[in-house]
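First to last, the sequence lines map onto chains V and P. Its first residue numbered 1, the first sequence is counted upward by one per residue in the working numbering. Its first residue numbered 1001, the second sequence is counted upward by one per residue in the working numbering.
Do not take every clue at face value.
A partial selection of chain V residues facing chain P, derived with a Cβ cut-off under 8 Å [as the list claims (entries may be wrong)]:
#1 TYR33
#2 GLY40
#3 GLY42
#4 LEU43
#5 LEU45
#6 TYR48
#7 GLY58
#8 PHE90
#9 PRO98
#10 GLY101
#11 TYR105
#12 PHE106
#13 GLY107
#14 PRO108
#15 GLY109
The calculated lysine-lysine pairs, modelled on BS3-like cross-linking and capped at a C-alpha distance of 25 Å, are [claimed, not checked]:
#16 P:LYS1001 x P:LYS1068
#17 P:LYS1042 x V:LYS9
#18 V:LYS9 x V:LYS57
#19 V:LYS9 x P:LYS1107
Interface residues of chain V toward chain P, partial, derived using beta-carbon atoms under 10 Å [claimed, not checked]:
#20 VAL4
#21 GLN6
#22 TYR31
#23 TYR35
#24 GLN37
#25 MET41
#26 GLU59
#27 VAL88
#28 ALA92
#29 ILE99
#30 ASP102
#31 THR103
#32 GLN104
#33 ARG111
Just so you know, these hints were derived from the structure itself, not from any lab. We treat Cβ as the ideally placed atom computed from N, Cα and C, and that holds for glycine.
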Amino acid sequence: NAGVTQTPKFRVLKTGQSMTLLCAQDMNHEYMYWYRQDPGMGLRLIHYSVGEGTTAKGEVPDGYNVSRLKKQNFLLGLESAAPSQTSVYFCASSENGPIEGDTQYFGPGTRLTVL
Amino acid sequence: KQEVTQIPAALSVPEGENLVLNCSFTDSAIYNLQWFRQDPGKGLTSLLLIQSSQREQTSGRLNASLDKSSGRSTLYIAASQPGDSATYLCAVRPTSGGGADGLTFGKGTHLIIQP
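Can you build the whole structure from these sequences, using the hints too?
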């Protein structure tokens, strides 16, 4: 099992460019999440999905869009990148969602720089 | 709004010492608490998950406790080794918002074990 994988690992964009980050999981998990990690701050939830075809906003959703067309994939899009979106982006998945024993598994991250 | 605080922010100790990392959270309405390890430039590795109905969990040299009523958790590392050097993150899963809103993270404790 590869677990949770993310593509690409690194990316540099210019302000106003667009891009899509891909997250894939092979654990047949229902729930998937996108977080961002910034220096001096904890990870913050951007968007999440509770199953194929569903998406919902997290704590910091502005400037991002997501799609979950297939159960194993969760895409994060930046339509017009801004320097404030420079960050490390982590994808996570979990099997059961909001129950006591549910563990989230994280991907290796994508380091994005917006110039 | 749930807030998670980790103390200390950084810690440097000689090899072989036993040490305690602290995590506190403001709202006791949680499904679980998870401790993660993050190595520089890497993703998050789940170390221990404590369900809200549990008091502690153990894995090898690691022991995590949870006092939900007081909003505190500790991660105990026995006989520390240089390979334990990493940033340790604490995260809770709130029951508010249906619980599918993901995890709320602390900023982490940066741990250095001196050989």
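(message) Let me make sure I understand: some of the numbered hints might not hold for this structure. Which ones are they, in numerical order?
(response) none
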